[in-house]
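Protein chains in written order, with my numbering: chain A, 68 to 343; chain B, 68 to 343.
Don't take each hint at face value.
For chains that are exact copies, the list does not tell them apart, and a pair is met inside one copy or across any two.
[To be verified] Cross-link-like lysine-lysine pairs, in silico, DSS-like; alpha carbons within 30 Å at most: (1) K278 to K330; (2) K152 to K341; (3) K113 to K242; (4) K155 to K73; (5) K229 to K340; (6) K326 to K242; (7) K333 to K106; (8) K173 to K326; (9) K278 to K321; (10) K317 to K278; (11) K113 to K91; (12) K330 to K317; (13) K105 to K326; (14) K340 to K278; (15) K106 to K325; (16) K218 to K149; (17) K222 to K317; (18) K325 to K336; (19) K173 to K73; (20) K336 to K105; (21) K149 to K326; (22) K223 to K325; (23) K218 to K105; (24) K333 to K317; (25) K106 to K340; (26) K278 to K69; (27) K333 to K278; (28) K105 to K340.
Derived by calculation from the structure, the hints in this document are not laboratory data.
Number of protein chains: 2
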Amino acid sequence: MKIFNKVVIIGTGLIGGSLGLDLKKEHLVGRITGLSRKKRNAQLSKNIGAIDCAATSLEVAQDADLVILATPIEAIIDTGLKISKIIKPDCVVIDVGSSKENIVTKLSRVIPNFVGCHPLAGSEKRGVENFQAGIFNGSICIVTPVTKTNKNALKKVRLLWKSLGSQVIILSPGKHDRVLASTSHLPHGIAFALMNSIPDEFLNLSSGGLKDSTRIAASDPDLWSQIFLSNRSNLLAAITSFQTELEALKFALKNKDKKLLIKILKLAKEKRKKLG
Amino acid sequence: MKIFNKVVIIGTGLIGGSLGLDLKKEHLVGRITGLSRKKRNAQLSKNIGAIDCAATSLEVAQDADLVILATPIEAIIDTGLKISKIIKPDCVVIDVGSSKENIVTKLSRVIPNFVGCHPLAGSEKRGVENFQAGIFNGSICIVTPVTKTNKNALKKVRLLWKSLGSQVIILSPGKHDRVLASTSHLPHGIAFALMNSIPDEFLNLSSGGLKDSTRIAASDPDLWSQIFLSNRSNLLAAITSFQTELEALKFALKNKDKKLLIKILKLAKEKRKKLG
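Using the sequences and the accompanying hints, generate a full structural model.
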């Protein structure tokens with residue numbers, strides 16, 4: 068069953084491209100046009116079948132039924148504002164950015180059918196060669212409607228994510244940003260800082276623990292700088308909470324307090340179990 | 068080719084038990100006796116073929132050609148001191164503890180053929196059900212001889228690890244402890260503190276990044292408290308280095324300094340690449 072007919076994906080990166088692959092595979096939409104600043108990227112996406120047609124001008128959004136804003140987060144608001152002037156009144160617009168408050172506030176004002184989304188999928192890898200069908204299947208997609216969000220648009224967007232196998236969770240944009248600061252942006256910040264604290268000559272002497280815990284430090288510096296800055300105050304608060312916990316660990320170590328150490332580690336292990 | 072005839076493994080946990088499995092599989096030793104405080108553990112190890120014979124008394128070390136100290140780190144020195152009084156003069160003794168300076172200093176004094184070892188293998192899991200053949204194959208084993216280490220014993224121990232497929236790296240005990248504080252003990256400490264900083268109600272909203280970066284927070288609290296305390300001053304220094312890097316990230320965030328942020332993240336990504 069087609070949920071939307073003409074779809075435009077703006078930004079054929081890992082999420083945009085993988086979305087294209089899945090939407091087509093599941094026959095959820097009609098024709099997909101993919102936009103990229105670099106013509107080559109959109110062309111490659113077309114070659115692997117993630118989109119039907121490659122373009123570079125936003126004008127193609129004019130007759131779209133669904134526009135997916137999948138650019139780096141810094142460009143989402145500007146791009147949304149630009150297309151708001153040319154899209155059809157009933158065109159549904161979603162974004163897939165990693166922070167939501169700013170984007171949803173600004174774009175809900177100018178796009179009647181805007182629905183903020185954040186699929187918790189993807190990886191530290193970028194680009195066409197890493198497009199992957201099925202990455203949304205079994206993953207969580209947080210959808211962040213606000214009071215003025217059109218109910219019908221919301222319904223169709225929820226159905227879209229569900230049809231891709233995602234578990235849809237509804238959060239306010241503000242709550243989303245506090246949660247993600249803690250569960251995603253903080254771990255990334257820690258992984259970057261952890262890597263930087265390890266002397267170069269020690270790097271060849273590490274085991275699996277360090278590799279796993281810093282996999283996300285291989286993420287794209289430009290993209291993640293944008294994500295960090297887009298959720299700056301929540302991330303700063305999350306870092307401060309983490310610093311308090313690290314100080315507790317240091318305190319126990321300094322005082323050779325094994326009982327307290329075990330208590331701290333036990334609590335962490337219990338919480339880790341809940342992550343699955 | 069047998070390197071040692073009669074072997075006693077004291078502590079049939081994940082490392083001791085997996086070592087037993089591999090030593091037998093590769094026919095590197097003769098008969099293996101496994102010791103455990105809990106008779107059931109040693110018996111289970113026997114049942115799965117990790118050892119030939121289960122025991123609970125240290126007396127079995129009397130006629131051993133190789134003793135492997137694989138107890139929790141807190142018990143290694145005491146156990147080593149005890150067996151030093153009963154082993155044959157030419158018996159080789161190794162430990163597999165996660166910190167080396169204290170252990171090597173104390174046991175080299177009383178055991179002529181003591182060689183400190185630290186195989187960088189294993190995982191956050193414990194117990195017989197997680198024994199795994201082949202975990203040393205392709206992994207690094209750090210061996211930490213000191214001036215008084217018997218050359219012949221060192222040669223045989225290196226051969227043993229090589230025969231299991233390990234890459235043997237020679238470090239001084241002090242250097243080992245500084246390296247491991249940074250590449251293993253610090254990441255564990257961070258993972259525990261990170262888990263503790265995440266509000267319970269956010270735990271079901273995390274993606275792969277958090278899961279990977281906190282896998283090691285599921286490690287055993289008692290064992291890891293012991294490891295932390297055994298390498299306390301190096302770990303405290305490593306935490307301080309990490310805190311400095313985290314403050315740099317915070318500084319860039321507070322000042323909305325995207326250029327500096329990208330510089331920090333790029334450096335981390337480059338270092339992460341070297342980890343492989």
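Structure-based check of each hint:
For a Cα distance limit of 30 Å, the shortest separation of K278 from K330 qualifies both inside one copy, at 26 Å, and across copies, at 21 Å. Taking the shortest Cα distances, K152 and K341 never come within 30 Å of each other, neither inside one copy (46 Å) nor across copies (47 Å). Proximity of K113 and K242 under a CA criterion of 30 Å is satisfied in neither setting, with 36 Å inside one chain copy and 53 Å between copies. In this assembly of identical chains, K155 and K73 lie within 30 Å of each other by CA distance solely inside one copy; the values are 12 Å within and 82 Å between copies.
In this assembly of identical chains, K229 and K340 lie within 30 Å of each other by CA distance solely inside one copy; the values are 26 Å within and 36 Å between copies. In this homomeric assembly, K326 and K242 come within 30 Å of each other (Cα to Cα) only across copies, at 28 Å, whereas the closest approach inside a single copy is 35 Å. Proximity of K333 and K106 under a CA criterion of 30 Å is satisfied inter-copy only: 26 Å between copies versus 52 Å inside one chain copy. Taking the shortest Cα distances, K173 and K326 sit within 30 Å of each other only across copies (25 Å), while inside one copy they are farther apart (50 Å).
Proximity of K278 and K321 under a CA criterion of 30 Å is satisfied in both settings, with 27 Å inside one chain copy and 29 Å between copies. For the homomeric pair K317 and K278, the shortest alpha-carbon distances inside one copy (23 Å) and between copies (24 Å) are both at most 30 Å. Taking identical chains as interchangeable, the C-alpha atoms of K113 and K91 lie at most 30 Å apart only when both belong to the same chain, with a minimum of 12 Å there against 55 Å between chains. When the C-alpha separation of K330 and K317 is checked against a cutoff of 30 Å, the pair qualifies both within a copy, at 13 Å, and between copies, at 29 Å.
Proximity of K105 to K326 under the C-alpha cut-off of 30 Å is restricted to the inter-copy arrangement: shortest distance 23 Å between copies versus 58 Å within a copy. Both within a single protomer and between protomers do K340 and K278 lie at most 30 Å apart by alpha-carbon distance, with minima of 20 Å and 10 Å respectively. Only between protomers do K106 and K325 lie at most 30 Å apart by alpha-carbon distance; the minimum there is 27 Å, versus 59 Å within a single protomer. In the homo-oligomer, the alpha carbons of K218 and K149 lie at most 30 Å apart inside one protomer (24 Å), although the nearest pairing across protomers, at 74 Å, exceeds that limit.
In this assembly of identical chains, the alpha carbons of K222 and K317 never lie at most 30 Å apart, being 49 Å within a copy and 39 Å across copies at closest. Proximity of K325 and K336 under a CA criterion of 30 Å is satisfied intra-copy only: 16 Å inside one chain copy versus 35 Å between copies. When the C-alpha separation of K173 and K73 is checked against a cutoff of 30 Å, the pair qualifies only within one copy, where the shortest distance is 25 Å, while the shortest distance between copies is 74 Å. With identical chains, the CA atoms of K336 and K105 are at most 30 Å apart between copies only, with a shortest distance of 24 Å across copies and 45 Å within one.
In this assembly of identical chains, the alpha carbons of K149 and K326 lie at most 30 Å apart only when taken from different copies (27 Å versus 59 Å within one copy). In this assembly of identical chains, the alpha carbons of K223 and K325 never lie at most 30 Å apart, being 54 Å within a copy and 37 Å across copies at closest. Taking the shortest Cα distances, K218 and K105 never come within 30 Å of each other, neither inside one copy (35 Å) nor across copies (62 Å). When the C-alpha separation of K333 and K317 is checked against a cutoff of 30 Å, the pair qualifies both within a copy, at 16 Å, and between copies, at 29 Å.
When the C-alpha separation of K106 and K340 is checked against a cutoff of 30 Å, the pair qualifies only between copies, where the shortest distance is 29 Å, while the shortest distance within a copy is 45 Å. For the homomeric pair K278 and K69, neither the shortest alpha-carbon distance inside one copy (42 Å) nor that between copies (35 Å) is at most 30 Å. When the C-alpha separation of K333 and K278 is checked against a cutoff of 30 Å, the pair qualifies both within a copy, at 23 Å, and between copies, at 17 Å. Within a single copy, K105 and K340 get their C-alpha atoms only as close as 43 Å, which misses the 30 Å cut-off; across copies the closest is 26 Å, which meets it.
Violated hints, in rising order: 2, 3, 17, 22, 23 and 26; the structure is consistent with all others.
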